[in-house]
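Novice: Two chains, two frames, some hints: make the complex.
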Amino acid sequence: MSSLDSSLSMIPSPPARRILIRRHSLAVRLTHWINVLCLSFLLMSGLQIFNAHPELYWGQFGADADHSFLALEAVNENGALKGVTRIGSLEIPTTGVLGASLINGELRPRGFPTWITIPSYRDLAAGRRWHFFFAWLFVINGFVYLAYGFLAGHFRRDLAPTAAELTPRHLAHEIAAHARLRFPKGEAARRYNVLQKLTYLAVALILLPLMVATGLTMSPGIDAALPWLVDLFGGRQSARSIHFIAASLLVLFVIVHLAMVLVSGVLNNLRSMITGRYAIDADQPAAAKDHLP
Amino acid sequence: MTITLNRRRFLIGVGVTASAATLSGCSWLTENDSVQRVLAMAERLTMGSQRFLLSDEALAREYSEADLSPVFKSNGTHEPDSEDYAALADNNFADWRLIVDGLVEQPLSLSLADLKKLPSRTQITRHDCVEGWSAIGKWTGVPLGLLMQTAGLKPDARYLVFHCADEYEKTLDGSGQYYESIDLVDAFHPQTILAYGMNGEDLAIPHGAPLRLRVERQLGYKQAKYLMRIEAVDSFARFYRGKGGFWEDRGYEWYAGI
Numbered sequence: 001m002s003s004l005d006s007s008l009s010m011i012p013s014p015p016a017r018r019i020l021i022r023r024h025s026l027a028v029r030l031t032h033w034i035n036v037l038c039l040s041f042l043l044m045s046g047l048q049i050f051n052a053h054p055e056l057y058w059g060q061f062g063a064d065a066d067h068s069f070l071a072l073e074a075v076n077e078n079g080a081l082k083g084v085t086r087i088g089s090l091e092i093p094t095t096g097v098l099g100a101s102l103i104n105g106e107l108r109p110r111g112f113p114t115w116i117t118i119p120s121y122r123d124l125a126a127g128r129r130w131h132f133f134f135a136w137l138f139v140i141n142g143f144v145y146l147a148y149g150f151l152a153g154h155f156r157r158d159l160a161p162t163a164a165e166l167t168p169r170h171l172a173h174e175i176a177a178h179a180r181l182r183f184p185k186g187e188a189a190r191r192y193n194v195l196q197k198l199t200y201l202a203v204a205l206i207l208l209p210l211m212v213a214t215g216l217t218m219s220p221g222i223d224a225a226l227p228w229l230v231d232l233f234g235g236r237q238s239a240r241s242i243h244f245i246a247a248s249l250l251v252l253f254v255i256v257h258l259a260m261v262l263v264s265g266v267l268n269n270l271r272s273m274i275t276g277r278y279a280i281d282a283d284q285p286a287a288a289k290d291h292l293p
Numbered sequence: 001m002t003i004t005l006n007r008r009r010f011l012i013g014v015g016v017t018a019s020a021a022t023l024s025g026c027s028w029l030t031e032n033d034s035v036q037r038v039l040a041m042a043e044r045l046t047m048g049s050q051r052f053l054l055s056d057e058a059l060a061r062e063y064s065e066a067d068l069s070p071v072f073k074s075n076g077t078h079e080p081d082s083e084d085y086a087a088l089a090d091n092n093f094a095d096w097r098l099i100v101d102g103l104v105e106q107p108l109s110l111s112l113a114d115l116k117k118l119p120s121r122t123q124i125t126r127h128d129c130v131e132g133w134s135a136i137g138k139w140t141g142v143p144l145g146l147l148m149q150t151a152g153l154k155p156d157a158r159y160l161v162f163h164c165a166d167e168y169e170k171t172l173d174g175s176g177q178y179y180e181s182i183d184l185v186d187a188f189h190p191q192t193i194l195a196y197g198m199n200g201e202d203l204a205i206p207h208g209a210p211l212r213l214r215v216e217r218q219l220g221y222k223q224a225k226y227l228m229r230i231e232a233v234d235s236f237a238r239f240y241r242g243k244g245g246f247w248e249d250r251g252y253e254w255y256a257g258i
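Residue numbers (my numbering), protein chains in the order written: chain A, 1 to 293; chain B, 1 to 258.
Hints were generated in silico from the structure; no laboratory data involved.
No residue lacks a Cβ here, since even glycine has one placed at the ideal position from N, Cα and C.
Keep in mind that the hints are not guaranteed to be accurate.
Looking from chain B toward chain A, a few residues come up when the C-beta cut is under 7 Å (computed) [said to hold, decoys possible]:
{"hint": "1", "residue": "A42"}
{"hint": "2", "residue": "Q50"}
{"hint": "3", "residue": "V71"}
{"hint": "4", "residue": "K73"}
{"hint": "5", "residue": "S134"}
{"hint": "6", "residue": "G251"}
Non-contacting residues of chain B with respect to chain A, defined by C-beta distances greater than 10 Å in every case (computed) [stated by the list, open to error]:
{"hint": "7", "residue": "A89"}
{"hint": "8", "residue": "L118"}
{"hint": "9", "residue": "G145"}
{"hint": "10", "residue": "E169"}
{"hint": "11", "residue": "L172"}
{"hint": "12", "residue": "E201"}
{"hint": "13", "residue": "P206"}
Covered by chain B, according to a simulated footprint, are these stretches of chain A (three or more residues, beta-carbon under 8 Å) [to be verified]:
{"hint": "14", "region": "46 to 53"}
{"hint": "15", "region": "61 to 68"}
{"hint": "16", "region": "119 to 130"}
{"hint": "17", "region": "224 to 232"}
{"hint": "18", "region": "235 to 249"}
Next up, chain B with everything else stripped away, as it sits in the complex (with noise of 0.2 Å):
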């Protein structure tokens, strides 16, 4: 009897003390750079099956008007901070100029009102954070394929890179400066606009005024705001840190799907 309880004791403290040190003390296991590639290549898995799964036009589900969140939360930058920004918001974005550029046969620069007499769609969406909580939204753009095929791409094009007038972390290189990127299927996407409306006005400047993107079919991240310039690229490897937006080179997925 004593022998037994005594085995069991042993054998609950061994349990206990290996899953503890396995799992929450170990920082070796956290911070090591070939466990930390291993884990990354689920993200590979995850981009692979969700775009299997997915056709390229499949779309994210569209909600009415009674779904919409009552308050839609502001997230990452409220108010861009640079002088450059409010000069632009002071007179209304009337002298804001969206570039297009990169690898494009035809590079433009469009105002607030030229993209307005642009084709438009309108959707209600879900805006999923990455942190886990979700608003309805709905938003009224120039779909992104459009101005594409306006621009025309050149056959190298891979990638359009997303850069905001907003730092989001004060850097002394200015690797802190907002950005984003994303791959010609979501481009293409019917949902995938730019947009200057939300719930029936103008975008304010808490949800990224003038102009932000929409790619319904991933999360919050890549919903980048203060858009100033879409340069279509080969590869995104040269800007920043090299993982193809800002949080994306603060650990978090390229690809947001899930």
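Looking at chain A on its own, in the form it has when it is part of the complex (with noise of 0.2 Å):
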């Protein structure tokens, strides 16, 4: 493809060069958004929770006498507070944003700062409310989405690799092709990219249940009726442990998603996922050709 046809396709082309395709179910849309209000509540509140502890540990217990691999501590230098991420053995200065941050104007010990969590003052009990909710939402949503990728075959027709596509040449084409920001145009936009497939199905079929199991083993009661999610998870403070770093690579996601959908073409991604109705250019079959080895 020549460099005049890439800079012309990121100018909106006129209407009789596009075409209009269904790209996204009303179920997918749905879902997807409601996942979106989920996702932003739970974590914000989650961080609200940690706050009340952040410490991680390993293992089936772990307090504040135990050894943790991960800790926001706040330590008192000369007078002065410091926030200090530790990992490991590793101390790495972050004073202001992890560890101690401003409260009211005034440096305070504090996990993660005030901006990001909900509430944004110090409330356990109230975070606790506002995770739980939104994590009932998130789980009955993630059922009705799960039902309708298996059921109406969403998972088999847009997600599912083919063989082909699963091709180390082909996947290296793909990792390059994106490195340069180059999408797929035309024909091939019609259908989801192979880098696409594999993140999508990842998250939605394993960070995301991740998240739910992880989070059902710090219950004592589950626990008791379900005692080989204990064991899966090698302890509750394991578990404990495994959630905040999967939610740690569900923010990883989201960024490197959010970044996708800005550099791809950001008004007809956002058009594509609110009305279902995704703009491609129909007559460029040589270029779809291009893209498909």
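Specialist: Structure (structure tokens):
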């Protein structure tokens, strides 16, 4: 493809050359936006809960006297408060953000800062209420999505990669194309590319269910009902740590996801996730062939 | 090109502003009563589904001696500071009595020696604090169900309220007194015990001497320490702020299975 073509494609093309295809079903759009709402509240109320004991342990138990592998600490250095993020024995100064941050203009010990927690002030009970309410909504929404994905063929049709897509050659080609911010056009843009398929499958079928399972393992009631959960994750404190790590991976996914949405045609992407309609160039069969080796 | 970038910038700006305003800065949302009532519906859903999943007899995980926490963290009150409690402690709790009353056929008054003569249960269980940490300890005590059978619950008894010796928050009206409540499902659960021993020794003061409750399928704040009196009631609405416990009165869930 010539450089002229690629720069042209960034300008909204005349309507005559573009067609609108139906990209996202109503079920996918609805569950997607409910998920955005749930995960936003779950993350920020989760950080409120984490702040009640900003340390992570591995194993069955873990409290003040035990070894934590991650801690957001506040230390007093010559009368000045400093925030420290400790990972293993590595100590990173994070004053102002992690370990110690401003509360009403004053530097105080605090795991995550006020602007990223719900409520902004310290209130574990309220944080738990927000967390569990949206956890329920998230689980119900997740079941609707999974039922639709399996029963209506969304996973098989749209997300399962083909054997040809999984060859190292094709994967390398896709990764290189993404790194240069070149995205499929024309007919090829009708479908998710293989990196999208693999990422969405990993998030929907591994990461999000892992969040629910590790969250439930922290519940003493659920542990009595489903004791194998504790064994699966190697203890309640391990489950709590995995819950935190998986949440961090989700944040990473959202950052990359949003970046990709922005650089690959933000209005078209947004429209397709709201109305379902996605614009592609109808008369570029050559470009499509060029993209699928 | 320029137009697109401006739109992008605009949309990023709108997105960031909207989420920040909705999620973090808006105290009208976090402090609104109707919002809080809607959020609290999740507690009923949680309790309903856990009770559905959990048979009344399902046991909390029991661990081995090798799993014991080297240091079991003492949380909440470390030593009640009333003169009455100090006098009891000075005499090694020989004058202490556990009162069992309320909606029972036969009110009881039991000394520590009386309790130790009753059949006991020892269990190594995990204590999960609402804050997120856990500690594993070995508890020895009298099954609460046994005591309740002896006292004989009246038909309208639905909850047991545990009155404690510690005032956790100093208030003028006395509403800072620690108390807790559980329903009869948990009261008669085989692992629900009144513990007088911990890790093979007498229960120490930081852990609730002379007697503390163990309700192993719920969080730490239900494990009331410094027990003085168990009152069988049909409703806990008349106690303190009416939510069934010290932490419940301060916004925490009454059902602490999660």
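Novice: Let me make sure I understand: some of the numbered hints might not hold for this structure. Which ones are they, in numerical order?
Specialist: The structure breaks none of the hints.
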